[in-house]
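J.: Those protein sequences? They're chains A and B, same order as listed.
For what it's worth, my numbering labels the leading residue of the first sequence as 273, then goes sequentially.
For what it's worth, my numbering labels the leading residue of the second sequence as 273, then goes sequentially.
Just so you know, nobody snuck in bad clues.
Identical copies look the same in the list; a pair holds intra-copy or inter-copy alike.
Only pairs whose alpha carbons sit at most 25 Å apart, straight line, appear in this in silico DSS-like list of lysine-lysine: (1) K481 with K434; (2) K549 with K565; (3) K287 with K316; (4) K317 with K337; (5) K612 with K565; (6) K317 with K287; (7) K565 with K599; (8) K599 with K612; (9) K549 with K617; (10) K557 with K612; (11) K316 with K348; (12) K599 with K557; (13) K408 with K451.
These are calculated hints, taken from the structure and not from any lab test.
There are 2 protein chains.
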Amino acid sequence: MRAEIMTAGNQTFQKQANLSLVLRRIREHGMISRVELSRILGLKKSTVTNIIAELMDRGIVEQRKEGEASSMGGRKPVYLGIRPGIAGILGLEIELGFYRAVYLDLSGNRLWSGYAEVPPLPLEHMFDYIIQHIQKDIEATGVPPAGIGVAVPGSVDLEQGKIIESVTFKLNDFDFAGKISSRYSIPVFLENDTNCGAWGELWRRNDEKVNFLYLLIRFHFHNLEKTEKPGVGLGLVINGQVYYGSSFRAGELGSNLWDEEGTEYLHMSSEELLRIKEDPRLMEKFLEALFRKLSESFSILDPSEVFLAGDVDEYRDSIPRVLERLKDDSWFGNPRQREKISFSKGGEMEMPFGAACMVLERLYSIPQLGSSRGRIHIDWEHVFEIPETGASHMLGTV
Amino acid sequence: MRAEIMTAGNQTFQKQANLSLVLRRIREHGMISRVELSRILGLKKSTVTNIIAELMDRGIVEQRKEGEASSMGGRKPVYLGIRPGIAGILGLEIELGFYRAVYLDLSGNRLWSGYAEVPPLPLEHMFDYIIQHIQKDIEATGVPPAGIGVAVPGSVDLEQGKIIESVTFKLNDFDFAGKISSRYSIPVFLENDTNCGAWGELWRRNDEKVNFLYLLIRFHFHNLEKTEKPGVGLGLVINGQVYYGSSFRAGELGSNLWDEEGTEYLHMSSEELLRIKEDPRLMEKFLEALFRKLSESFSILDPSEVFLAGDVDEYRDSIPRVLERLKDDSWFGNPRQREKISFSKGGEMEMPFGAACMVLERLYSIPQLGSSRGRIHIDWEHVFEIPETGASHMLGTV
Chain A
273 MRAEIMTAGN QTFQKQANLS LVLRRIREHG MISRVELSRI LGLKKSTVTN IIAELMDRGI
333 VEQRKEGEAS SMGGRKPVYL GIRPGIAGIL GLEIELGFYR AVYLDLSGNR LWSGYAEVPP
393 LPLEHMFDYI IQHIQKDIEA TGVPPAGIGV AVPGSVDLEQ GKIIESVTFK LNDFDFAGKI
453 SSRYSIPVFL ENDTNCGAWG ELWRRNDEKV NFLYLLIRFH FHNLEKTEKP GVGLGLVING
513 QVYYGSSFRA GELGSNLWDE EGTEYLHMSS EELLRIKEDP RLMEKFLEAL FRKLSESFSI
573 LDPSEVFLAG DVDEYRDSIP RVLERLKDDS WFGNPRQREK ISFSKGGEME MPFGAACMVL
633 ERLYSIPQLG SSRGRIHIDW EHVFEIPETG ASHMLGTV
Chain B
273 MRAEIMTAGN QTFQKQANLS LVLRRIREHG MISRVELSRI LGLKKSTVTN IIAELMDRGI
333 VEQRKEGEAS SMGGRKPVYL GIRPGIAGIL GLEIELGFYR AVYLDLSGNR LWSGYAEVPP
393 LPLEHMFDYI IQHIQKDIEA TGVPPAGIGV AVPGSVDLEQ GKIIESVTFK LNDFDFAGKI
453 SSRYSIPVFL ENDTNCGAWG ELWRRNDEKV NFLYLLIRFH FHNLEKTEKP GVGLGLVING
513 QVYYGSSFRA GELGSNLWDE EGTEYLHMSS EELLRIKEDP RLMEKFLEAL FRKLSESFSI
573 LDPSEVFLAG DVDEYRDSIP RVLERLKDDS WFGNPRQREK ISFSKGGEME MPFGAACMVL
633 ERLYSIPQLG SSRGRIHIDW EHVFEIPETG ASHMLGTV
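Kindly produce the complete structure, drawing on both the sequences and the hints.
T.: This is how it looks when you write it as structure tokens:
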């Protein structure tokens, strides 16, 4: 990780750029030959051959199998893939009272996953507790970790690793990275939970220019009676990038979902909200009001897809009835737009999966000219340096 | 203009990239020395010296003046600037019944501007008519044109040079570029008028990562009685780029500003809309309703600035009263957000200025790895090739 302005004449840039381009295409295609890489990337065959030689030497890329010789004869193409087991990325979702975790290899395959309750501790100690708790499981995979992504509810300054505000954890301007980083030997990246969901979809979509919206709806049924209120967040993916806005608050809905006294949400009382789980008509009322609120923004953002995620997933049957009630709406009433709505495929492990995908996407990101890669980038150099001492050393000194 | 995938190992890429980086920094700084360029870009001094030598040879860059020698002694730095008069960009706004035009040099300085009425013709013939009409004025500047940007009301597929839909011109899926390009020897770029306004602000802001919104409000007072209805458009600039959405319709407000019968706009009758010009209370009512409609989107987009433009410019005094009425709104009622609202500085030549800036921004854009530059890019190679035969030959064969 370094903050260096990238220029084309800069040797670091050229090397990193070609490496990233080659690795990204291999990961996109799963398996691909040197000839195809050279054709797709417009690089000379000798350049590709040299890069692949280095990547094989480093143990990142391996030969998979030989293809068919072309009808013209000649050598059979050899297909290349990312070697499983070279390194893993841990994705964590930390919520009030529990965590979810997944451990992915560099192709995004799940090596392990887990869920457990966590005692009420300050956030950084919850993090330490979780890492200690899962250390043995990570070690058992035999794959050394190269990075950790952490999903938390609240607005997050990704570059500084700070929580700007989290109602759930009652935190403001909280320097998570500062408290954590000195004690861990691998990079830890913090991200808002809704955005993690968007990163997960982005990884699955694998499209560098896509525009989509990720609508996370959570009723917090487990502790609505206590302190939690329903939460709605929107993740914005614009030109293949998660969009953060000017103050890392993009996707936050206006606070006027709650009325001034904080007793009504989208014109529904706390009592009604509590009964949403049992009464599908209340769920439909809630979704109709929410969608009407979002209609203008959807129109303005012109997404190619809208993913619904969170607790709403259990109420899929309600959606057609809700859309029927929205027939008069300029966005939701338009069949061409309605077709764009689908449910996220992530399931309940979506947040930790997305947190890990955020780190993977950054690893496979293509360096851009004239911009600083900043703290939120993770270089392949870092993966290269992972010692062959197994998983146990990598999670730091806790 | 070529559609070539950019890779770092690609020689075209490296040359274009360094050229673009150097020219962009010179234009940003107005004047800058080789030493500063080398420091800012992280390029070797010899690389910068070679690039500057070529650019001076081509007549694009010139030496301006010598700076002070540093306290350490040594050679005085020589400041470089873009040479005025090497080439110009024409920006046109074509509306029903009139056009506005500006002619800018490559630093964005205005060389000429004009306005005139145009007879009702098919759009491509209006374009020919305007070019014929202003040809002498362009020639008189002595600066040969290198490109034309055209602002039109309606949704535009920038890459194809097509009008997707224009209510004003009653056009659908109209291949403007196809009808025009064979007859003009310099590239012509079509763009939506609101987005042109955003391009103008982007040029003035000169910030590669800025996020802002450009809200264009037009009452079409001159022909409201006939066919035109008030028009509101939003230009979105995200990470320093105009955002188009998945179907070039980003920034389009839901059609529900008009009621189902098309007789009321934001709950105001056609009669009220006609009287807006005379009655400031109606203007305030209109703006309050519009801002309430946009509040949720502004919250979701988290812009650093919001520019108001168009006819609303004449009613600046109304804004404080409108904001007072919006005290209860979650976005407009927040003093931190209200501070972000200001009036566009473009004035009535904003649209043609922005249309020219769109072409300039593309000329100064930095090529990005792994992406095709596509039809909407304009290369410096094109500027280099402008023959020294003056302005007259460049506008084509009309």
